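Chains as they are written, first to last, in the working numbering: chain A, 15 to 222; chain B, 15 to 222.
Just so you know, the hints here were simulated from the structure itself, not pulled from any lab data.
Please note: incorrect hints may appear among the correct ones.
For chains that are exact copies, the list does not tell them apart, and a pair is met inside one copy or across any two.
Claimed, not checked - SDA-like mimics (lysine to any residue), calculated; alpha carbons at most 20 Å apart, straight line:
1. K123 - A113
2. K160 - I208
3. K157 - I192
4. K24 - I208
5. K141 - I92
6. K57 - A162
7. K157 - T195
8. K160 - T195
9. K24 - D72
10. K157 - L191
11. K160 - L209
12. K160 - I192
Since this is a predicted model, take the numbers as computed values, not measurements.
2 protein chains.
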Amino acid sequence: MCPPALIPYKPRNPKTRLSSLLSLEEREQFATAMLEDVKAAVKDAMCSPVLVCSELFDSEDVQVTITDTDLNGSLNAILPQNVGPTLIIMADLPLADTASVRRVISTDKDLSIAPGRGGGTNAIFMKEPQRFHVDYYGTSFLKHMKIAEEAGLSVDVIDSFRLHTDIDEPWDLAELLIHGTGKSRAYLEGLGFILSAEKGRVGVERRR
Amino acid sequence: MCPPALIPYKPRNPKTRLSSLLSLEEREQFATAMLEDVKAAVKDAMCSPVLVCSELFDSEDVQVTITDTDLNGSLNAILPQNVGPTLIIMADLPLADTASVRRVISTDKDLSIAPGRGGGTNAIFMKEPQRFHVDYYGTSFLKHMKIAEEAGLSVDVIDSFRLHTDIDEPWDLAELLIHGTGKSRAYLEGLGFILSAEKGRVGVERRR
Numbered sequence: 015m016c017p018p019a020l021i022p023y024k025p026r027n028p029k030t031r032l033s034s035l036l037s038l039e040e041r042e043q044f045a046t047a048m049l050e051d052v053k054a055a056v057k058d059a060m061c062s063p064v065l066v067c068s069e070l071f072d073s074e075d076v077q078v079t080i081t082d083t084d085l086n087g088s089l090n091a092i093l094p095q096n097v098g099p100t101l102i103i104m105a106d107l108p109l110a111d112t113a114s115v116r117r118v119i120s121t122d123k124d125l126s127i128a129p130g131r132g133g134g135t136n137a138i139f140m141k142e143p144q145r146f147h148v149d150y151y152g153t154s155f156l157k158h159m160k161i162a163e164e165a166g167l168s169v170d171v172i173d174s175f176r177l178h179t180d181i182d183e184p185w186d187l188a189e190l191l192i193h194g195t196g197k198s199r200a201y202l203e204g205l206g207f208i209l210s211a212e213k214g215r216v217g218v219e220r221r222r
Numbered sequence: 015m016c017p018p019a020l021i022p023y024k025p026r027n028p029k030t031r032l033s034s035l036l037s038l039e040e041r042e043q044f045a046t047a048m049l050e051d052v053k054a055a056v057k058d059a060m061c062s063p064v065l066v067c068s069e070l071f072d073s074e075d076v077q078v079t080i081t082d083t084d085l086n087g088s089l090n091a092i093l094p095q096n097v098g099p100t101l102i103i104m105a106d107l108p109l110a111d112t113a114s115v116r117r118v119i120s121t122d123k124d125l126s127i128a129p130g131r132g133g134g135t136n137a138i139f140m141k142e143p144q145r146f147h148v149d150y151y152g153t154s155f156l157k158h159m160k161i162a163e164e165a166g167l168s169v170d171v172i173d174s175f176r177l178h179t180d181i182d183e184p185w186d187l188a189e190l191l192i193h194g195t196g197k198s199r200a201y202l203e204g205l206g207f208i209l210s211a212e213k214g215r216v217g218v219e220r221r222r
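Required output: the full structure, derived from the provided sequences and hints.
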């Protein structure tokens, strides 16, 4: 079984909340490095990555480009066409590894969801995608649990900090420097980022 | 097997970073509710809770009270005396559940560690506690990995957001309102806390 792994991806001006630490060009390169890490984890877990982009992106990956709608509209246009089990996973999860993705796709329930911080949904696996639709933004985890319940679908909540940790804010970079092993960690280190301790909390600083 | 679960606990003036939202009395009650949730998870996983306190605490639990040293000193005085497998778990993990604690104590390695946010160590299980010592504060996760390596101990890193999520800051309370099921969530709800969305991030507000 090689289910498709839909990865929504925004190539231009990504990760604006990191603007205080990274230039536009660096944010684009960093987002690409995180995407590479997610794709590596997904491929090792025997899924086939498919990028879902809002604009054409220079890459050799399989791409679906939808320009006239938002994330929910794009995904909900694709799901009814996928006749077999389908994974959706976010591109900003550089701590994702083979084991955590495998836990998501090997559920014995109808659906599995890996929640993100603040009630987000970082990965969702549907055995019958035509029976489900997505509703991202806000506390999408709670919305997805409700959609599943209303559709009579059983749900597995995947307890993984690797999939819980999306990289949005400057302090999130510390998690990547502590637990990351892939290209995005190397990219940050190449820019001179190191761990630092301020007021008892661990953060990052840029040395050069 | 019913290994002891050492739970460091500070009964007086806990969780000062929540002072903007909770009074001193409320912080003490909230800390007690979180401790109850951790104890329930630990007991359901067949461990025996032992509170490690810096002062005498009015409770029916087994207690070790050490007043003349810090957290590391206290635990490192206890570990050499524990002849069998021993768990240390923090008291501010109200999302801990039976399954996540079981994953920690059922490792086939010498040691298992559940990292906390920012490089902390939220749970650690030692099959031979006399071969290990703790070094909390800062990036203790990295320090513990190094101590294990130097002692020749194999380590399992437990990938759990339930054990990763320690409750320190106001925005952490959102995680508890989303994923909690125990006494500490009920306590917050009883005080009027609800989820709120500000600037796209989910947080909490107190309605009364």
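What label fits K157 with L191 when the C-alpha limit is 20 Å: within, between, both, or neither? between (32 Å within a copy, 14 Å between copies)
At 20 Å max between alpha carbons, let me know whether K24 reaches D72 within a copy, between copies, both or neither. within (12 Å within a copy, 55 Å between copies)
One pair to classify: K160 and T195, alpha carbons no more than 20 Å apart. Within, between, both, or neither? Intra 35 Å, inter 17 Å, cutoff 20 Å: inter-copy only.
At 20 Å max between alpha carbons, let me know whether K123 reaches A113 within a copy, between copies, both or neither. Close inside one copy (18 Å) and across copies (17 Å); limit 20 Å.
Intra- versus inter-copy proximity for A162 and K57 (alpha-carbon distance at most 20 Å): neither (27 Å within a copy, 31 Å between copies)
Homo-oligomer pair classification [I192, K160; C-alpha up to 20 Å]: This pair counts as between: shortest inter-copy Cα distance 13 Å, intra-copy 34 Å.
Status of I208 relative to K160 across identical chains (alpha carbons, at most 20 Å): between (41 Å within a copy, 18 Å between copies)
Reference check for the pair K160 and L209, CA-CA at most 20 Å: within, between, both, or neither? between (39 Å within a copy, 16 Å between copies)
Reference check for the pair K157 and I192, CA-CA at most 20 Å: within, between, both, or neither? For K157 and I192, the Cα distance is within 20 Å only across copies (11 Å; inside one copy 31 Å).
Should K24 paired with I208 be assigned to within, between, both, or neither, using CA atoms and 20 Å as the limit? neither (27 Å within a copy, 32 Å between copies)
When Cα atoms must be at most 20 Å apart, do K141 and I92 count as within-copy, between-copy, both, or neither? Classified as within: same-chain Cα gap 14 Å, cross-chain 49 Å, threshold 20 Å.
One pair to classify: K157 and T195, alpha carbons no more than 20 Å apart. Within, between, both, or neither? between (32 Å within a copy, 18 Å between copies)
In the structure shown, a violation is registered for the earlier hints numbered 4 and 6, in ascending order.
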